[in-house]
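Asks: Protein chains in written order, with this note's numbering: chain A, 0 to 202; chain B, -5 to 214; chain C, 162 to 497.
Keep in mind that the hints were calculated from the coordinates and are not lab data. Please read these numbers as outputs of a predicted model, since none were measured by experiment. Fair warning: there could be bad hints in the mix.
[Said to hold, decoys possible] Covered stretches of chain A (in silico footprint by chain B; criterion: 3 or more residues with CB under 8 Å from a CB of chain B, positions within the stretch not fixed): (1) 33 to 45; (2) 81 to 91; (3) 180 to 186.
[Claimed, not checked] Ranges of calculated distance between the beta carbons of each label pair, as one might list FRET restraints: (4) L486(C) x S(-4)(B): 32 to 42 Å; (5) L279(C) x A197(B): 21 to 31 Å; (6) C18(A) x T156(B): 38 to 48 Å; (7) D87(B) x C18(A): 30 to 40 Å.
[As the list claims (entries may be wrong)] Under 10 Å between C-beta atoms, here's a sample of chain B residues computed to sit facing chain A: (8) A0; (9) M53; (10) V69; (11) F73; (12) T75; (13) H82; (14) F84; (15) Y89; (16) G93; (17) M161; (18) Y165; (19) L184; (20) R193.
Even glycine gets a Cβ: it sits at the ideal position worked out from N, Cα and C.
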Amino acid sequence: MDRVASTPAKMVLAVLVTCAVSATALTLTYEMTRGRIAEQQRAAEERALKSVLSSAEEFEALDDGLLEDAQEAAGEVQVFGLWVGRDATGGPQGFAVRCAPRGYGGPMQLVVGLDRDGKVSGVSIITQNETPGLGTKIMTDAWFLEQFVGWDGTSIDTASKEFDSISGATKSAVGVRKGVIVAGHVYADVLAGIEVPEGGGGQ
Amino acid sequence: MSEWIAVFKRGLLIDNPLTVLMIGLCATLAVSTKVEGALFMGLAVIFVMTASSVLISTMRRFVPELVRIPVFIVVIASFVTIVDLTMHAFLPDIYTFLGVWIPLIVVNCLILGRAEAFAYHNPPRLVSADGLGMGLGFAVVIVVLAFIREFVGSGEIVFMGTRLIAMPSWYRGPGVVMLFPGAFLVFGFLVAAMTALNRRLAARKVEPIPGCTLDEGGPS
Amino acid sequence: MSEQETQTALPRLASSPHISDGESCTRIMLWVVAALTPVTLWSVWNMGMVAVGLLAACILSAVGTEWVWNRVAKHPQTITDGSALLTGLLLALALPPRTPLWIAVAGGIVSIGLAKMLFGGLGWNLFNPALVGRAFIAISWGGVLAEQKVPGGWFRGIDVLAPEGLDALTGATRLAIAGADMAAGGAYGFDAKAQYVPLLFMNLEGSLGEISGALLILGGFVLVARGIIDWRIPVSYIGTVAVLAWAFGVDPVFSVLAGGVLLGAFFMATDYVTSPMTPTGRLLFGCGCGLINIVARLFGPAPEATTWAILFMNGLVPLIDRLTLPRVFGWEGRRG
C-alpha cells in the first residue's frame, strides 16, 4: 500500500490538518448545543430549588463572600451555591444551600432548602453516582428525603440524631444526612445572621 | 457483498468485542445496571466506532505511520465529544446516568484497537462493516447484560420512565447483581453462552474472513 | 473423559501432609460435622424450630444442588463424600437464626453451585463455598435481613454503617454496639468482661453458630487432637486477633469470642482445599485472616469481617503456597 512517508513535514501537516478539522467540528457542535445545555442545567437547578423551598417563586444567588463563609462553616463538604428564595412579591421565604457530601459512589450534589427560621423545608438530589437499585433508594424511597423536613438548622446536631437509614444503602443515606447537617451549620453560622433586603430589587 | 457480511458477522459474533476479545469491559460493567443507560451507551459506541473507523480508513493513505496514534485519538475524541455534547443537550437524564463513561469512550480500547488493527489497513467499505459489527456486538452484549442485571437485581425494567416488565412485588432480587461482583458473575455466564454459540457456528463451516490476517500488523 | 477421572480420583485428596493412613475424605468431613454437632444441637435446643428450619434449608439446598449438578453434567455422584453436607451446615451456622428460609436456600445453591461445582467440584474451588454463600447473602439481602429485624450478628454490618444512627436500631449485636461505641468515643460503652460468660455459653445475638463459643472451641480441640485440622491456622488466626485487639486497646478476649472468629478460625479457615499446604504458609494465612479481621472490625464500616477476611486470604493461598514452598535440599537461592 502506498502510504505517505513519515517525514517530519508530512507528520506535522497530518496532525495539524486533523486537529484543525476536529476543532472546527467541535466548535460547531459546541455552539449548537451550548444554549440547550445551559438551559437544561438552569432548569434542573431551578426545579431542584423550587422543590426544596416550594413557597418561593424566585431564587437569587447570594454573593461570593457569603459563599466563602459558608464553606468555612461546612468544613470538608464542598458548598457550591447559596440562594435566597423570594415569593412573588419579593418577600424572602428562606434559603437554599447546594453542597456535595460524599456518598458511596463519590460526591452527591444536593440542594437543601431552609425556611427563614432555619427549619429544613426540603432536600433534593441533583446528581449522584450511587449504586443503582441500592444507593439510589435515597431518591426513589420518598420517605427518606421527607424525614429531613422540619429538622431545625440552628440545632442540627441534635435534630440529626433521629434518623432512619436505608438498609443496604447506609453510606448513601448517611451522605445525604451529612449534607443536611452541613446546610444546618451554614444556616446557623452564616445565613441566620445576614440581613436579607425585602423586595429583591438588588440588581 | 458477502465479504462485507462476513466482516460484519465477525464483529458481531466470532470476534465479539466483549465476550471474545474482552476489550472495553470497564465501561461495560459500570453502566450495565440499567437497560436504558446501556442502550444509549451501545448506540454511542456504534456511532463513534463506525464514524471514526470509516474516517480513519478514508484518510489512511495520508496519515504517516509514525503519527497514526495521535491522529486516531484526535479523530475518536472528536466524535466522542460530539456524542457527549449532543447527549448532554438532548438526553439530560441519560447523560447524567452515564456520567463519565461517555467521555471515557475515547480511551475504550475497543475503538482505538479496531482503528489500529483494521481501519488503518482496509478500505472504507469493509471498515464500515467492521465498525458496525463491532459496535453492534458491543451494544447487544451490554444491553443483554444490563437486562439481566436490572431485571434480576431490581426486579423490574424501567425504560424512559415507564416500567416495561416487573417481577411480582414479593420478589427481592440478589442485590449483588447490581454491584461489580455481580457484573462479573453475569458477564461470565454471558461469555460462556457466547462461547458455546460460537463453537456451534464454527463447527458448521469455516470460511476465510477478508482483512482478517495479521500480516499487515495488528495491535500488540 | 479425563475430567471425570479427575473427579472420581479427587476424594483421595492427598496433598495435606497430616492425613494419616486410613482417613478418607468422607471420614474427615464427618469428623468436622461431628465436631460441629454440639454447637448445632445447643442452638436447636435453645431456638427450636427456627434453627431446625435454617439447618434443613441450608443442608438440603447444598446437597441438592450438588446432586442436581452431577446429574445434569453427567458426572459421578459425589454427594456422599460429606462435603456438601458440611458446607450446608457451616452456612447455616454462619447465618442469623431468623434468616428467611428462601434466602438460606439461595445461599446453599450459590455455595455449592457457584463456589464449588462451577470451579470443578471438591478440590478445585478457590474459595470456601460456605463463606461464598454467606457473602452472597450478605451483599444481596443484607437489606432484607435488616428489615426483618433479624437479630443478626455479622449482618448488622451491612446496614449499620452509621455509628450515630445506631440507637434507633433493635437487635444489634454486642459487636455492632461495640463498633459504634468505638467510633463514637474510642472505647466500649459497656463492660466487655461481663460479656465473656454469655458469649461462651449462651449468646442469642449473633448467627446460629455463635450461640456458644465454648462448644466451638471444644469442637476445634477435638479436630486438632484428632489431627483433622492443623493447629497452626486457628492458633495464628485467634492469636493475631487477640494480640492486635490488645494493641489497639480493646478487650482481646471479647474480640475473640464475639462475632465469627471462633467459627471461622476452627472450621472455615482450616478447609483443606482453600488453605495453604505448607506449615509456614498456614501460619501466614492465619495471621493474615486475623489481621484483616480485626483491622476491618475496628476501622472498617461494618462491625464484623470474618467472612471477608477468610475469603480474601483464600484468594492469596496459591501465592502463599508458592512463597513458602520448602526449598529442595541443595537448592541455592529462590527464584523470584
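Asks: Now, for every hint given, state plainly whether the structure supports it.
Replies: Hints, one by one, checked against the model:
1. 33 to 45: With 4 residues in contact (Cβ-Cβ under 8 Å with chain B), the coverage given for the stretch 33 to 45 of chain A holds.
2. 81 to 91: violated (count 0)
3. 180 to 186: violated (count 0)
4. L486(C) x S(-4)(B): 32 to 42 Å: Given a distance of about 56 Å, which is not inside 32 to 42 Å, the answer is violated.
5. L279(C) x A197(B): 21 to 31 Å: Because 24 Å falls inside the window, the suggested range holds.
6. C18(A) x T156(B): 38 to 48 Å: holds (43 Å)
7. D87(B) x C18(A): 30 to 40 Å: holds (33 Å)
8. A0: The hint is violated - A0(B) has no Cβ within 10 Å of chain A, the shortest such distance being about 21 Å.
9. M53: Constraint on M53(B) satisfied, holds at 8 Å.
10. V69: holds (7 Å)
11. F73: Given a least distance of 9 Å, the restraint on F73(B) holds.
12. T75: Nearest chain A Cβ about 6 Å off; hint holds.
13. H82: With a minimum Cβ separation of about 5 Å from chain A (threshold 10 Å), the hint on H82(B) holds.
14. F84: holds (7 Å)
15. Y89: holds (9 Å)
16. G93: holds (6 Å)
17. M161: Violated, about 13 Å.
18. Y165: Violated, because the Cβ-Cβ distance from Y165(B) to chain A comes to roughly 13 Å (cut-off 10 Å).
19. L184: The hint is violated - L184(B) has no Cβ within 10 Å of chain A, the shortest such distance being about 19 Å.
20. R193: Violated. Min distance 34 Å.
In terms of the numbered hints stated before, the structure departs from hints 2, 3, 4, 8, 17, 18, 19, 20, listed from lowest to highest.
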